[in-house]
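Q: Sequence:
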Amino acid sequence: MKKWMFLFISVTVLFVLAACGNDNNEEGEEKTTIKVGTSPGPYSELFLNGIKPILEENGYSIETVEFTELLQADIALDEGSIDLNVDQHTAYYTNFNEEKNANLTKVTPIPTVPTGIFPGKKNSLDGISEGDTIAIPKDPSNAARAYALLQKADLITLKEDVELIKVTQNDIVENKHDLNIKEMDSAQIPRALDDVDYGIIPGSIVYASGLDPADSLLFEDILKELELVAVIDEKNADTEWAKAIKDAYESDEFKQFMEKENEDEYWFIPEEIE
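Counting with mature numbering (1 follows the signal peptide of the UniProt record, and there is no 0), you get residues -18 to -1, 1 to 256 for the letters of the sequence shown.
Possibly wrong hints are sitting among the right ones.
[Stated by the list, open to error] Subject to a maximum C-alpha distance of 20 Å in a straight line, what follows is the list of computed SDA-like cross-link-like pairs (lysine to any residue): (1) Lys237 - Lys17; (2) Lys103 - Leu199; (3) Lys17 - Leu199; (4) Lys13 - Thr87.
If you are wondering where the hints come from, they were derived from the structure by calculation, not from laboratory data.
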């Protein structure tokens, strides 16, 4: 009886130790499989085509989990069911942290597709006239960048002391052509271009809709908070795999990849990874 009890305890201890070892492999510095939350669009595609091969060369395996909503990807990051997301900017994950009491953080800024003004019924900003309609995104961060872009185009004037990342329609102090600024869902703007004079469209929507970025009449100056970033849970910031992701984006191999990928200057490259 004692012999069987000893064997039972020994097997149990070995099982627990093995389980602990697996947990350490999943969350510690020895982790070699990185789970990436992806979504249809340019940023996940850039990671899979440009970064994944570099990480694999360095001994990492990449698993992808697809999401249709960025919020769900961040919830998965916070819960630990994925390790990485590359489809958001600092303003987005900062807002998620505040709302969900989470601790997401960036590993590195990454190439970003800028928002642009695209032709609708009119194909030049020189032809703008009184009462023209401009469709812009209605979600707060993309609406703010749209108003900043309209100011860059010298079509509106914003309050001097306003933070551009937080601009709303209420911050317009001058609308030089009495423009009809129509806020709508970003994904709907490409389909509405035949019905408006101009449309301001985020880069990811330009990609998803198949528009030619070269058709943009004017691109935004990307604010630091709106640069895309690789995002992880803060508890993993010092792991070897997180450092490997940062190194991959900063590598000469990725720079060479981007030289070919960015021949038409579709991407804005943050100075940290130039």
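Q: Against each hint, give a clear statement of whether it holds in the structure.
A: How the hints compare with the structure:
no.	hint	in the structure
1	Lys237 - Lys17	violated, 24 Å
2	Lys103 - Leu199	holds, 13 Å
3	Lys17 - Leu199	violated, 38 Å
4	Lys13 - Thr87	holds, 19 Å
The structure fails to meet hints 1 and 3 from the earlier list, while all remaining hints are met.
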